[in-house]
Amino acid sequence: MRRSLALLAVALTVLVAGCGGGSDSSSGGKTNIVLWHGYVDVEGKALTAAAKRFNATHPKIHVTVQNYGNADYALNKVLTAIRGGSYPDIVYLYGSWAANMARTPKAVDLAPLIKADPSINWNDFWPAERQAVAVGPKIVGVPALVDNLALVYNKKLFDQAGLAYPTADWTWDDFRAAAKKLTDPSAKQFGWAYVNDASEDTVWRFDALLWQAGGDILTADQKHAAFNSPAGVKAATLLQQMATVDHSVYLDSGNGNYANLFNSGKIGMLFTGPWDLSGFPDVHYGIQILPGDVNHQTISGPDQWVMLDNGDARRNAAWTFLKWFTSTDEAMQWSLATGDLPIRASQTQTPAYPTYTARYKGIGTFVQNEQNAVKARPVLPTYNEISQAMGQAIQAILLGKAQPQQALDQAAQQVDQILAQG
Amino acid sequence: MIQKALGSDHLAGWLFVLPAVILIGVFGILPIGWALLLSFQQNDLLATPTWVGLDNYRTLVHDPVFRDSIRRTLVYTVLFVPLSVGGAMGVALLLRRPIRFSRFYRTSVFVPVATSTVATGIIFNWLLDPTYGLANFVLGKIGLGPYGFFQDPDQALYAIVAMTVWGWLGFDVIIYLAALQGVPEDLLEAAQLDGAGRWATFRHVVWPLLSPATLFLVVWSTINALQVFDEIYVTTRGGPLHATTVLVYYLYNQAFELFHAGYAAAVAEVLFLITLVFAVFQLWLGNRRVHYTS
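Protein chains in written order, with this note's numbering: chain A, 12 to 433; chain B, 55 to 348.
Where hints are given, some of them may not hold.
What the hints assert, rightly or not - Computed, partial: chain A to chain B, Cβ under 8 Å:
#1 Lys41
#2 Asn87
#3 Leu90
#4 Asn111
#5 Arg141
#6 Gln142
#7 Ala209
#8 Thr248
#9 His258
#10 Tyr261
#11 Ser264
#12 Gln406
#13 Ala407
Claimed, not checked - Computed footprint of chain A on chain B, listed as stretches where at least three residues anywhere in the stretch have a Cβ under 8 Å from a Cβ of chain A:
#14 292-298
#15 311-324
Claimed, not checked - Counterexamples of contact, computed for chain B against chain A with all Cβ distances above 12 Å:
#16 Ala66
#17 Ile124
#18 Arg151
#19 Leu231
#20 Ala232
#21 Val288
#22 Gln336
If you are wondering where the hints come from, they were derived from the structure by calculation, not from laboratory data. From the three backbone atoms N, C-alpha and C, an ideal C-beta is built for every residue, glycine too.
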């Protein structure tokens with residue numbers, strides 16, 4: 012308890028002190044910049060390799076990449092570092108934090124840089140990516156990673172149940188019926204899995220359902236909650252019926268067990284993204300776009316490279332690196348090495364693109380699915396609070412502790428309050 | 055005059071404790087003062103803070119999640135302290151007897167203390183998984199369950215109690231084993247000669263002599279229990295439906311997930327007061343009831 016907390020604090024202090032950009036940023040005409048990220052394994056290696064390539068071809072700049080651990084908690088660490096006055100030049104952050112970063116004066120507003128420099132070819136990034144990094148007139152980051160949710164299913168379980176594989180025009184009813192049929196309590200086998208820890212992981216899967224039913228998270232003026240509309244209730248009722256009536260959903264408590272269970276053939280279908288695929292070496296899986304109601308929308312989770320201001324020289328160096336790193340050629344190299352989705356539309360036109368879709372089976376579905384990522388989550392500094400209120404409501408519905416309308420109304424009331432306080 | 059001052063025990067004493075004083079000052083006292091200041095501000099750790107006086111405290115009074123988190127913290131403490139301290143005394147008394155493999159048992163009891171909280175959390179997440187966990191499998195064999203454990207809002211807090219008692223019992227056992235070494239053999243012999251049975255010997259000789267250790271453990275465990283965090287962070291993350299949102303978890307959520315640092319500091323001040331009241335009360339009680347040898 013306390014002992015380990017103290018240890019944690021010490022460790023963090025040491026880590027932060029150790030990771031800090033360092034004051035002597037230029038030596039011998041070379042500008043040293045520091046990049047923080049949370050990539051591991053294949054992606055970690057790819058990033059190190061990219062930095063090496065950059066350093067070899069740019070004698071005036073030296074990029075050092077440092078891993079800050081789990082990206083889920085990166086915002087804390089970055090804010091602590093900024094508070095401490097020693098922070099990196101580039102940092103990998105989730106798209107949902109754009110509005111938080113826009114408030115710190117240390118984050119560089121990229122809008123003027125992008126305007127002055129057509130070589131970045133800004134409109135080549137997917138619309139969902141550009142939406143996610145725009146906070147009012149400011150642009151907080153350069154797109155780093157994009158993904159979306161699709162339906163990943165275990166072919167063997169479908170065959171055993173005598174079910175036809177999901178099609179692109181699957182409805183919610185088709186989906187629910189299949190999940191029910193794939194569920195076998197005696198074998199501890201479930202049709203579907205849902206992350207039920209009330210975090211953003213719980214909320215964003217609901218967002219996709221909400222949009223499919225024609226609903227929205229907030230009203231167009233972003234002043235009021237809108238998720239308690241009939242569309243929202245319809246989406247929440249689907250969750251409720253599947254979890255508490257059909258019992259066809261494995262409720263994951265947020266520790267990621269669902270991925271292991273899917274790989275063990277215990278779960279028939281998942282709403283998940285490309286990042287999970289490498290965790291399923293043992294199952295023969297298929298990928299299809301999400302089932303739909305009014306439409307088949309998905310949700311996109313774009314992440315970003317945020318630049319922090321350490322003076323002109325380092326800022327320019329960081330901009331040079333980001334432009335190089337997110338250029339079509341480099342981005343395609345990255346996709347080839349890691350399987351991550353193209354961050355630029357032009358990547359699909361490169362000669363290497365067919366190699367990429369051949370190497371990562373089914374990835375083409377995710378690339379096409381990016382067109383179904385029509386709407387974005389609200390970019391507001393209070394987004395975490397909104398998400399938390401929604402998360403509690405969805406969790407209560409999944410656990411059968413509240414009715415959809417009542418739970419969503421209560422959350423909407425909280426969200427209205429949060430929005431009123433700004 | 056100066057020489058006299060330098061040579062005095064007083065100054066020498068201060069010089070000896072100076073390193074500790076500096077460390078505690080910088081990492082203990084200073085943050086406490088800063089937190090107090092913070093609790094009067096609206097501060098998101100990003101933009102410039104604004105002074106809001108007692109607003110944070112006024113909001114606290116009307117915050118149902120905060121009120122519930124106090125209640126949960128107290129429930130947790132009231133269960134955790136007697137179970138861990140009482141359980142440890144029982145285990146220590148058993149382990150003191152000269153039995154075979156007693157060293158092995160002592161080591162086994164202490165292993166959970168040395169295990170990292172994260173590892174413990176992962177193990178319990180799997181053990182207590184409602185569908186695939188070993189706990190429900192075993193309980194099912196004797197016709198009980200299945201239970202939701204961490205995933206049932208009505209059970210999660212008790213599951214945390216069980217997990218933390220398991221995790222911390224070993225520490226208390228070591229303290230009690232050490233204290234039991236301090237019980238003089240001649241007193242036990244004298245009690246035996248006077249015809250005291252096993253229970254009477256425990257009640258009138260061993261129990262009073264263990265009371266300093268008991269006082270220490272109760273105070274220490276209470277302070278720890280009021281500040282429980284890690285175990286919750288690695289298992290339930292305050293859920294489901296806030297069922298395990300204790301004070302420190304709520305504070306963490308407010309400060310580092312929602313960036314209401316000023317509000318979180320106000321929560322911390324309340325926690326500080328609660329801890330203070332508990333500690334003072336226990337020490338006062340201890341002074342009246344604890345027996346020291348010699």
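Hints, one by one, checked against the model:
1. Lys41: violated (32 Å)
2. Asn87: holds (5 Å)
3. Leu90: At 5 Å from the nearest chain B Cβ, A:Leu90 passes the 8 Å test, so the hint holds.
4. Asn111: A:Asn111 check passes; min Cβ-Cβ to chain B is 7 Å, inside 8 Å.
5. Arg141: Hint on A:Arg141: violated, closest Cβ of chain B at ~23 Å, above 8 Å.
6. Gln142: Since chain B brings no Cβ nearer than about 22 Å to A:Gln142, farther than 8 Å, the hint is violated.
7. Ala209: Holds - the Cβ of A:Ala209 comes within 8 Å of chain B, reaching about 5 Å at its closest.
8. Thr248: violated (19 Å)
9. His258: violated (10 Å)
10. Tyr261: For A:Tyr261, the interface hint holds, since the closest Cβ of chain B sits about 7 Å away, which is under 8 Å.
11. Ser264: Since chain B brings a Cβ to about 5 Å from A:Ser264, closer than 8 Å, the hint holds.
12. Gln406: This interface hint holds because 6 Å falls under the 8 Å limit.
13. Ala407: holds (6 Å)
14. 292-298: holds (count 4)
15. 311-324: Per the Cβ count (3), the hint holds.
16. Ala66: B:Ala66 clear of chain A: closest Cβ-Cβ about 29 Å, beyond 12 Å.
17. Ile124: holds (18 Å)
18. Arg151: holds (30 Å)
19. Leu231: B:Leu231 clear of chain A: closest Cβ-Cβ about 20 Å, beyond 12 Å.
20. Ala232: holds (18 Å)
21. Val288: B:Val288 not clear of chain A: closest Cβ-Cβ about 9 Å, inside 12 Å.
22. Gln336: Fine: 17 Å to the nearest Cβ keeps B:Gln336 off the interface.
Comparing the model with each earlier hint shows violations of hints 1, 5, 6, 8, 9, 21; every other hint is respected.
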